[in-house]
Amino acid sequence: MKKKKILLLSLAIAFALFIVLEIIAYVLAWPRRLPEELLPPEKPGRGTSLARVEAENMSLQRKMQALPPKGIHIVIDSGRNILYLKKGTETILQAVVSCGSGSILEEPGGKRKWIFDTPRGEFYVKSKITDPTWVKPDWAFIEEGKDVPKKQQDRLEEGVLGDFALGFGDGYFIHGTLYTRLLGRSVTHGCVRVGDKDLKAVYKAASVGTKVYIY
Amino acid sequence: MLRSLLLAFCIIAACAAEEEPSPLKINRRLKEELSLAKSPELYFVLDLEGKNISLRSKGMVLQQWTIESVHSWGQQPALEALTVIKKSALFAPKRKKITPGEAEQQGDKFELDALELKDMPSSYVFYLDKGIYLYFRAKPKRFLSRVGNIGHFFVWYLWVPLRNLGFEVKKKPFTAIEVKLGGKEDAQAIYWSFSEGTKGLFFYP
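Residue numbers (my numbering), protein chains in the order written: chain A, 43 to 257; chain B, 2 to 206.
Treat the hints as calculated values from the structure; they're not laboratory data. Quick reminder that beta carbons are idealized off the backbone N, C-alpha and C, glycines included. Treat the hints with caution; some may be incorrect.
Facing chain A, from chain B, some residues (calculated, C-beta under 8 Å) [to be verified]:
id	residue
1	P22
2	L25
3	N53
4	L56
5	L63
6	Q64
7	T67
8	G75
9	V85
10	K88
11	P101
12	W193
In silico DSSO-like links for lysine-lysine, alpha-carbon gap of 30 Å or less [unchecked claim]:
id	chain 1	residue 1	chain 2	residue 2
13	B	K97	A	K155
14	B	K52	A	K105
15	B	K88	A	K153
16	B	K172	A	K129
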């Protein structure tokens with residue numbers, strides 16, 4: 043009985059301490075605005091007029107507005123596997139594509155490792171190719187469990203990249219595919235696969251230098 | 002009596018009306034965003050005033066998600082570029098390791114197992130620099146997610162303030178912001194789209 047009382051008392055004290063601690067924590071954690079010295083001053087200081095600030099704002103807004111492309115550009119949503127061909131803010135074409143699978147391939151022996159993500163950021167079309175030939179990289183042979191060939195000719199594979207390809211750097215391309223049933227799925231090794239009809243439209247509209255945005 | 006009530010109502014309405022940001026605040030926001038927009042990297046803007054979060058490049062909104070509600074603990078972050086250092090989730094998606102030769106051996110039986118949007122978590126934390134923790138969660142719709150919500154309630158209202166206390170004792174900065182999104186898909190899309198290293202800005206009212 044005495045032990046029970048001691049236990050209950052201990053629990054009550056612990057609970058009370060916890061409540062006190064929470065109250066202190068709440069007071070200290072209560073949302074608060076930045077201290078005055080870090081906020082921009084509400085009124086312009088000496089030598090700065092509101093008109094000058096507003097003029098600077100207009101100049102900054104013009105600089106911001108000059109940054110996005112006004113002409114044709116490509117936006118790729120790698121999560122939903124959708125490609126948008128845009129002109130300014132207008133969407134000209136929306137295509138279902140396939141982007142990187144995010145899988146990892148390690149070379150037996152642990153020397154090299156590849157992560158098959160489609161890169162994100164701002165790029166631009168660096169090359170345009172018709173009837174592209176795939177020059178199989180080392181990972182393609184390793185993935186198949188085959189030896190990496192020594193001769194360049196043994197790496198060439200025709201007809202797997204579709205009718206057109208647009209390169210945007212580091213070996214990544216927007217190209218066609220034989221696996222049209224997999225469009226909409228994240229199945230590639232990083233490149234962006236597009237169906238034939240949509241690829242033709244993208245190829246015709248884009249030129250070397252066309253911006254490509256991937257997220 | 003009616004006149005007094007009407008006057009009181011107008012005063013309250015005027016007080017409640019949203020204030021336009023000051024030119025100086027706009028100036029600071031534009032300068033910070035311009036410095037991010039000039040690089041080829043994607044960046045985000047968490048607009049707590051407009052209640053949305055957007056992924057941008059070169060000043061152009063690539064994707065935008067609506068925020069249902071926002072709660073915070075600690076000091077408001079400064080208006081400066083912040084970096085996502087780490088993403089953390091209870092059920093973080095795992096990348097599949099390809100076994101060399103597996104596809105060839107299985108032939109038609111081979112099933113693709115890729116990391117896709119549906120594999121992304123809908124409740125997670127982004128750790129940013131300057132001691133900022135960004136908690137994302139989706140509005141619960143199903144019974145299990147509502148149960149999970151109870152757990153989050155205890156974390157947010159009991160554990161996070163205590164964590165702040167710990168940081169205060171160590172004299173380190175700490176800010177926790179909870180962002181509630183409309184749906185699971187939005188939360189998953191944000192987890193997918195924001196990489197570690199992505200920079201962004203917070204626009205406070």
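**Asked** Among the hints numbered above, which are violated by the structure, and what are their numbers in rising order?
**Response** Hint check: 1, 3, 7, 9, 10 and 16 fail, others pass.
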